Structure formats: structure tokens, C-alpha cells
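Given the coordinates of chain A, assemble chains B, C and D onto it according to the supplied hints.
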Amino acid sequence: MPQPDKTTSMREAIAEFVTDGATVSLEGFTHLIPTAAGHEIIRQGRRDLTIARMTADVVTDQLIAGDCVSRLISSFVGNSTAGSLGELRRRVEAGALAFEEYSHYGMICRYLAGAQRLPFYPLRSYAGSDVPAVNPSIRKVTSPYPAPDGGEEQIYVVPPLNPDVTIVQAQRADRSGNTQIWGLTGIQAEAVYAARKAIVVVEEVVADEVIRSDPNRTVIPAHAVDAVVACPRGAHPAFVQGYYDRDGAFYREWSQISADPQRLRGWLDEWVRGTADHAAYVAKLGEERWAELAVGEAWSEPVNYGRRL
Amino acid sequence: MPQPDKTTSMREAIAEFVTDGATVSLEGFTHLIPTAAGHEIIRQGRRDLTIARMTADVVTDQLIAGDCVSRLISSFVGNSTAGSLGELRRRVEAGALAFEEYSHYGMICRYLAGAQRLPFYPLRSYAGSDVPAVNPSIRKVTSPYPAPDGGEEQIYVVPPLNPDVTIVQAQRADRSGNTQIWGLTGIQAEAVYAARKAIVVVEEVVADEVIRSDPNRTVIPAHAVDAVVACPRGAHPAFVQGYYDRDGAFYREWSQISADPQRLRGWLDEWVRGTADHAAYVAKLGEERWAELAVGEAWSEPVNYGRRL
Amino acid sequence: MSITSSELLAAVASRELAGANTVFAGIGLPTLAVSLAQLTVAPEVEIVYESGVCGAHPAQLPETIADAVLITDSEAVLPMTALFGYVLQGARIDVGFLGAAQIDRFGNLNSSVIGDWHAPKVRLPGSGGAMEVMANSGEVFVVMRRHDPRSFTAELDFCTSPGPDRALADGIRPRGKGVTRVITDLGILARDGVGEELRLVATHPGVTVDEVRAATGWDLRVDSELTEIAPPTGDELRMLREDVDPARVYLR
Amino acid sequence: MSITSSELLAAVASRELAGANTVFAGIGLPTLAVSLAQLTVAPEVEIVYESGVCGAHPAQLPETIADAVLITDSEAVLPMTALFGYVLQGARIDVGFLGAAQIDRFGNLNSSVIGDWHAPKVRLPGSGGAMEVMANSGEVFVVMRRHDPRSFTAELDFCTSPGPDRALADGIRPRGKGVTRVITDLGILARDGVGEELRLVATHPGVTVDEVRAATGWDLRVDSELTEIAPPTGDELRMLREDVDPARVYLR
Chain A
0 MPQPDKTTSM
10 REAIAEFVTD
20 GATVSLEGFT
30 HLIPTAAGHE
40 IIRQGRRDLT
50 IARMTADVVT
60 DQLIAGDCVS
70 RLISSFVGNS
80 TAGSLGELRR
90 RVEAGALAFE
100 EYSHYGMICR
110 YLAGAQRLPF
120 YPLRSYAGSD
130 VPAVNPSIRK
140 VTSPYPAPDG
150 GEEQIYVVPP
160 LNPDVTIVQA
170 QRADRSGNTQ
180 IWGLTGIQAE
190 AVYAARKAIV
200 VVEEVVADEV
210 IRSDPNRTVI
220 PAHAVDAVVA
230 CPRGAHPAFV
240 QGYYDRDGAF
250 YREWSQISAD
260 PQRLRGWLDE
270 WVRGTADHAA
280 YVAKLGEERW
290 AELAVGEAWS
300 EPVNYGRRL
Chain B
0 MPQPDKTTSM
10 REAIAEFVTD
20 GATVSLEGFT
30 HLIPTAAGHE
40 IIRQGRRDLT
50 IARMTADVVT
60 DQLIAGDCVS
70 RLISSFVGNS
80 TAGSLGELRR
90 RVEAGALAFE
100 EYSHYGMICR
110 YLAGAQRLPF
120 YPLRSYAGSD
130 VPAVNPSIRK
140 VTSPYPAPDG
150 GEEQIYVVPP
160 LNPDVTIVQA
170 QRADRSGNTQ
180 IWGLTGIQAE
190 AVYAARKAIV
200 VVEEVVADEV
210 IRSDPNRTVI
220 PAHAVDAVVA
230 CPRGAHPAFV
240 QGYYDRDGAF
250 YREWSQISAD
260 PQRLRGWLDE
270 WVRGTADHAA
280 YVAKLGEERW
290 AELAVGEAWS
300 EPVNYGRRL
Chain C
0 MSITSSELLA
10 AVASRELAGA
20 NTVFAGIGLP
30 TLAVSLAQLT
40 VAPEVEIVYE
50 SGVCGAHPAQ
60 LPETIADAVL
70 ITDSEAVLPM
80 TALFGYVLQG
90 ARIDVGFLGA
100 AQIDRFGNLN
110 SSVIGDWHAP
120 KVRLPGSGGA
130 MEVMANSGEV
140 FVVMRRHDPR
150 SFTAELDFCT
160 SPGPDRALAD
170 GIRPRGKGVT
180 RVITDLGILA
190 RDGVGEELRL
200 VATHPGVTVD
210 EVRAATGWDL
220 RVDSELTEIA
230 PPTGDELRML
240 REDVDPARVY
250 LR
Chain D
0 MSITSSELLA
10 AVASRELAGA
20 NTVFAGIGLP
30 TLAVSLAQLT
40 VAPEVEIVYE
50 SGVCGAHPAQ
60 LPETIADAVL
70 ITDSEAVLPM
80 TALFGYVLQG
90 ARIDVGFLGA
100 AQIDRFGNLN
110 SSVIGDWHAP
120 KVRLPGSGGA
130 MEVMANSGEV
140 FVVMRRHDPR
150 SFTAELDFCT
160 SPGPDRALAD
170 GIRPRGKGVT
180 RVITDLGILA
190 RDGVGEELRL
200 VATHPGVTVD
210 EVRAATGWDL
220 RVDSELTEIA
230 PPTGDELRML
240 REDVDPARVY
250 LR
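Residue numbers (numbering that gives the first Met the number 0), protein chains in the order written: chain A, 0 to 308; chain B, 0 to 308; chain C, 0 to 251; chain D, 0 to 251.
Keep in mind the hints are simulated off the structure, nothing from the lab.
The structure presented is a predicted model; accordingly, all values stated were derived computationally and were not measured.
Some clues are possibly wrong.
Derived pair list, reagent style PhoX-like, types lysine-lysine, alpha-carbon separation capped at 25 Å [as the list claims (entries may be wrong)]:
1) C:Lys176 with B:Lys139
2) A:Lys196 with C:Lys176
3) B:Lys139 with B:Lys5
4) A:Lys196 with A:Lys5
5) A:Lys139 with D:Lys176
6) D:Lys120 with B:Lys196
7) A:Lys139 with B:Lys139
One chain only, chain A, in its complex shape:
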């Protein structure tokens, strides 16, 4: 059983799978944010994308400022705990960016419905909220079972989200796309399964034997993956558990950068459009900065999968 080799470059993966007008899901909850992929989308000048991302943060602001995005599907639009997303706020406040608002679990349930090919997914949120009034995709269903009090029970539902392509960042994968994540695993598996195509960006492409020594660690199996991109430090300024820490200073700085449209444009020209690829961006950040983000060791205890004697 030869495993198909799906490794490719970021440039080729984005060129092939992210097309103008596509719906692109970029997931990763604080941890493992696919920043490098976002930058490459900006470099290639994609237009008119619908971006789906639970926590629309720095990379989303950058994609919007790069004029790549016409529509945003999200449940949190803020620069983590560090402030605001300048460009996103300006455009939403000016009515220049379409915004579909959900709660976190609403987004999760949209991915769950998408991954499971369900027409809708029920959840106990939205009751009494103004969000359904501004988002007609959030609807109600009557349960065919009686409520605990014997009466009729209603529940809100959300529709499936099926991105044209989902891009996630992970610690490691083998060449065929078996992807292992530890620390926060987020909604990555569901976002991948919900998508028509999936790109996995990893810190390392590892030998098959590494993956196969711990199959429970594989969060996304190869059959759901179309491209594997090795891109070390691809999540910066986000962190990758066991690889590098969060660049808190960058997040704080971003509130300043993005507050000023001209400074923001300059930043994109210098750091994204002015770098050939993510390796150049990483080098430009400099080893001193990376040294500050280095992490020490805390190894998991191995478990025995056993072997028939």
C-alpha cells in the first residue's frame, strides 16, 4: 500500500486550492493559527474570499487589509486580549465588509453539520438573542418529542458550513497527510472534514513510523487531506505547543499597527508582500526574537500499544 505523497510548497498549495471567490476556513483557537497560509493568500492577491474563522484575529485583519476578503463568518472579532482589529472594525463600521455573526458554539455546530452532511445542527444557544434577527441563517425547529413538561419544545439550529477549502496548522504530519496535534486541538478536524479540500500546514513532516507509533494522536487522517505543506514557525504570532511560544508583544503591537491604515499598509508591504515566502518572514523576525519564543521540555510519558506475541 504505497502512501500517496501529498507534500507541496505553500505557494503551490494556495495557488491550487484557494481561488478568487472561494469560501476559506482558517481554524486554530489561539493555538496553531495558519498565519503563514494567510500571508501567502495575500501575496498571491486573492480576491473576494469568504473567510470562516471562529476567532477572527490578527491574520484575519491582515487578510482584510490585503483586500482579499469580502465576507466574514465568525463568532469573535477581536485581537485576543490585546486590543482591537483596526481594519476589520473600520470596514464593518463603514459597512464595507459583510459579516455573518455567530456564537462560538454556533460556528462549531456549523462545522459539525458540514462534516456530518446534516441539513442542520441543533443547539441550546440563541434563545432570546438578537443575533438571529441579524442572521437569518439561524432558525428554529420544533422537536418531535415532548418537552419535560409535556409541551412542545423548540430549539435553534444552524446550517452546515462546507468551505471550499480548509487550512489548518499542526505540529506534524506524514507525507500522505496523517496529521498529529497536541495541546489545544480546537475545531480543526471538523473544519477539515466539512471542507471540499483541505491543506494541512505543519511544523514538521515526519517519518511514517513516528505517526504510526501513536495513532490516537492523529487528529486528521490522510484520507481527509489534499496537501501537506511543511512550514516551520508558520503560526507566528500564535504559538505551537512544544515548538514556540505566543508572541504577546506582536499582538499588542498589532492594535497600534492596525489602528492606522497607512501604517497597516506599510506593514503588509514590508512583512508580507515584501517577503518572498514564510522562510523570509521568519528570517526577517530575527533569531533574537525567536530565542525569546523558545520553549523548554515537558515530554509525555509513552504508552504501550502492545504487540501480539
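Only chains B, C and D this time, still in chain A's reference frame:
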């Protein structure tokens, strides 16, 4: 933050949490079947239980033969690939055991609804099947979204399953109930979250540091667990990945034992009612048999969780 | 060595897998067929097991779909919610293999009871995941060792796993084609999708159309281009015997 | 050292946690309060973070709910589907902590926009998981540093996270009580559940009822048994300063 110590004996756990007339979920898909817990239920002579179990196999047949069960909720009633469950078949064919029939995913979705406190869970099974005609709990809902062809879309749904107690077997837990499973993880987490109370039976209670070295391996967190029972070899004749292999000979033998009601009664008297506890059952099986089920080593490669420097 | 029924069925089934990427299969004949296909017509085809194992590399031949040897060295073990929700219902399976106690002319299957469900003559295991395999696979292959009128029946005692025709009659649009191939010791029945009956499309050497029709509980249609099945080739047999199942666990 | 506003609010909030087993909390004041409660009134209380971390044992004070130091040495990291589906919606949380830009007299919260949603004066981050915490926790505590009429408003510009009264009006039975405590720099507002308005139940030493009413955008009711909040005790302050946040990351 002192962790509450929830360790107890099997006898006490069953006595406290499994009461006559209760709905008891016993999950574990071929792997990690809570056999020892089932035997203790027989020893304590519980009556009128509703047993929920996707793959109703040997331990279910034993519980039925032990006169503990009046109702069964299941999606597969067979002795794995080894033959039949004699007592279960006899009683169902005689109309002496109430049986609620589902498919595997129907059962999974019942647990998902139970764990998520949903009034129903939709799934793309049952369309055109005769099962809904014999199981009125399986109903239909109309989607509030148009079908791909623009028309109305219907989908089957199942109701939540909320056992009074769920009992699962696992490789290891700490004293407060953080439970780690590797190999097949089955539906154990959902069955535990769906339940009012949960007993976790483990091969080993381990030091807190072992669990904390690999938090992603924790399938069931302490807050969902009420009792932790150390019971080595508690899954026999099922297997525990990395601990012991499946006792295939026992499964084949069971088809013979259970085919004959008298022989079956004799087996229960000798092996279950005739043993004081699972340690006695394990000893009675004998070291020679256990030596045949011993497994070798196949260790996972450790991963680095990292430490802030 | 003469060709066993298992060798015959495995070889014939393997040829039907050309073009498939993901196959949902149980242990035994289906896995033999897929393993042979990996060596012949579908080198990249992947087996997904009901237990959630993907990319298995077992050191020994597994005895069940959840055998410990399937897990060790595998590429991924999916939680059951992912396997049934994202892989099966998510329409990631091209070909599913199923067996059954009874099959009808449209490929609907019964694995629940013989007789009346409420007072069954024989209580069978039930669906397991069969209903999900039928509802969600691109197409379904059925391998039945014994081709007789009790199994190939005009009217099922109970429909556990319905094909797309019954789903449509129930007002629900099915994903896949349902059963497209039934491979038996007499020949191959086939249908292409919704609305079609199974037709006899091929017979094993020495088997007559009348024999197959007599062994089928309904008035079996015969394809206009009925062919004779080529017996397993020397290469196929050698691979089955030397590479796939050298201990002859399932080739017996 | 004089008592900071953070110390005051953390100490007061911690006392309200007696009896709680599971608390859903963000980083900052809520975690300070829970950490202090673990040392005082609720030794076994567990914090569950929105990131899915349970039983965290961080070697350093975390900067976000998803900080790497929360994961290393923790007891469990749950998938997001489990955290939101089984823990939150599964009603496993006794007390949830929330903040907001605006709160009304029934404890409904706005964290989406100031102004009209379609053309907002200020676009705020939105719900995140706040709507789920409100809908599914047994009760909700709100900590607001600044008590002023713009935040404590008669009419929300937009209701992001509705309490149980709004849920009922929408025809849906809520699980919990909604907001039961609002702890501010002026005092504590409280309500016991469905149908009740927030009442002023306690003020900080030196704060008058009129000051609180003037700082509240609706006609605030005053509890018949209004009390004065005991300032942080020496023990509480010592534990906050020495054990909980010795680097004064959040006590600033």
C-alpha cells in the same frame, strides 16, 4: 487545589450507583468491555435493569442470564464474529426481553444528544428502514432550510439517552477520575457525559504526574466521574490495548455455553456467583491462560508539551 | 491446490475495486478482496474499519475489525463519533462491503430477524453499522457465499438496511447508489442505481442461467451482455496465498 | 500597600463561590477570584477554560485562556466539541463568569455593537462563547470594573447573550438562572432567577445608594436587606498577593 479521591471498590461502586430498575450504560467497542462490572452486578443480584450497549455481547448475555435485565437498548446483538448469544436470543425470540433496536450511529447519536442535552439528534440513517416501524422513538423532522433541489428536506432523529449510570473500562486514571484511553476510544466519553453518574473501571490507578504528562490522552475528565475502581484484567474476555489480548477461545466457547440454558446457569454459578470478586475470577482463569493473552511492547514516541523558559 | 470458494470470491470482488479510494470493510472476504486489490487494480485504496482504524498495518492477520493488531502501527484511530459522523455520514467512503441474511431484488438487506420482528423465529444481530454503510457509501458490494432462495428473497422478512429506492419512497434523498454488486458462489448480480433491479451480469464457469434463477427467490432478470467470470489468475492466487493470507486464516 | 480595585473585586467575587464545583472563567479577575476561592471557601472548585483545559496546574500565570502554560501539566485538554457540547451545553458548569459592554436590569448582555448592528458606531468582539455560558451555566457572575450608566443601561443596543427571561419570551426553556451577581467597583447587584430584576444588595464601604443609582441607567431597586461589603481580609489579601498572583500580573 486538593483533588477529591474517588477511588472505591467494585463492590461499593456497584452497590451505590447501580440500583434495581436503573438504566445502565455499559460501553466499550470490542475493546475495554466492562465485564468485571457486569459480573459484580450479577453477584449483587440487581433486577429490572435497562441495559444500553451498542454491541450487546457476552457480558450482556451473562447479565440477561443472571436475571438482571428487563430491557435492552442496542444496535448489535451478537457474539462478535464467534457465534450467537444464547440467552439473549432465547428471551427475545420468546418475547421475554424488551428490545429497543437501533443502528450503531443511532445509538451514537442518542449518546451525543444525551451528552449535549439536546431534545433530539438528526442522522441520515433509517430512511426506508423497517426499524422506525418497530421503534417509535425514531422520528422525523423537517429541515428549516431548503434541500439542494430547493424543496423540503426531511431527516430522521433519535432522542437523547441519559443513563442513570454509565460504566466504562479504561487503561488508567488518577484518583480523581481523569481517565486515559488509547487504542479504540469508542463512545465511552459520550456515554459518560450523557449519564447522571459515571463509574470508571481501570487497569491501573496512576500517579497524577502520569496523567498530567499527556493531558490530550485524557478522554474523560475528573469532573464527569463519580467513582474510580481499580480492577486489573477487568475486561476479559475482551482486550485492553497494551495490557492483554482478546481471549478468542472464550468467545467461541461462549456460543456453546450459552446455547444450553443449564450449562449457562452452571457457568454463572461457578465463574461469577462462585467467585468473591474479579480478583478471584482472574485467579481462577489461571496464569497459564493469562500468559497466552500477554502482549509485547510497542511504545508511543513521546511528544513535547513545552515549558515557558 | 484447487481454488477454494473464498479465493474465488475474493479475486472476483477485488477486480470490482478499480477506481475506489476508500473502502469500508469487515474482516474476512472483504478484507481479502481489498488487500488483493491493493496489489493489483487499486494500489492506493484504503480500508476504513468500523472500529475507526484508518491506514492499518497489521503485523498479523486480524481476527475482528477491532483487533489489537489493527491498532498498533496504524496511521489513525478515529473516535467513533468521527468515524460514523465525519467519515461514513460525511460521504468519505466510495465502496462499502456488507453481508446480510436476506437481500431483495433492489438490494435492500435484512440482518435483524427471520420471521416477525415482534416474535422472531430467529433473532439476528441487527444493523450494527450496516444501515449507515448502506445510506452513506457511494456504492455497496455484497458478498454472499451461499446463493439460495431463502437469502435471495422476493420479500424481506424485515428491512434493516434499505437501499436508495426505499429511502426515496420514505421521502428522503439518498446519497449513494445502494447495492451495485452482489458476488456469490454462482455469479455476479449488478444494478447501477436508483430504480434498477439487480440483474445477473456474469456467471462462474460451468454455472447456467437457469441454476442462478432457480437459486433466486424472485424472477431474476438476466443482462443482455451476460459474461462468464474469468477464474482467478495465477497471479491473483499467488498473491492471495503468499502475500495476503499466507496462514490461510480466511482462505480456508 | 493600599487595596487595589482588582484585589477588592477578586476577594468579593471569591466569597460568592462557596458551594460551586465547576466554574467557567476567563483570564484575569475571574481566575483570581476562583484561585482565591480554592484557598478559602471552595477548596475543590475546578476552573474549566473555554480552550478546553480542565484541571490546569500552570507553572506561570497564564496570559490568555489558551496559554501554553495552562496546557502543560493540566489534567485534560478537551476537544472543542466536547467542551462546548458536553461540558457547557451538557450543563456541567455551576458558575460562569462573563463580562460585557452593556448589561440591562435582567442581566442580559451586549458584547456585539454600540449603535445599530447594521451600521455600528463601535464593532465589539461579539459573543465568543458568552452566549453559551449564559444559556448553559447554573448561574452567571458578571464582574464590571466600571459601574456607569453607559454600561448599566435601560435598553441594550443589541442583546448578544440573553438571560432566561428573554429565552422564555422566545419560547425556549432556559437551563439556568442567568446573571445572579454583578460585582462592580460600587457594590453588588443580585437577582435570584427568572422574572427578577437586579437589586442592589450590597455596597462597598463609603459608597451610598444614591451614588449607585446615579451610576445605573435604569431605576435600580434596592434590596430591603442592603448590607455593606466587608473589605478584603488580611488573609484574603495575603493569599492574593503571595499565592495567587505574586508577580501582580492581574492585581495591578
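Hint check:
no., hint, verdict
1, C:Lys176 with B:Lys139, "holds, 23 Å"
2, A:Lys196 with C:Lys176, "holds, 23 Å"
3, B:Lys139 with B:Lys5, "violated, 42 Å"
4, A:Lys196 with A:Lys5, "holds, 13 Å"
5, A:Lys139 with D:Lys176, "holds, 23 Å"
6, D:Lys120 with B:Lys196, "violated, 49 Å"
7, A:Lys139 with B:Lys139, "holds, 15 Å"
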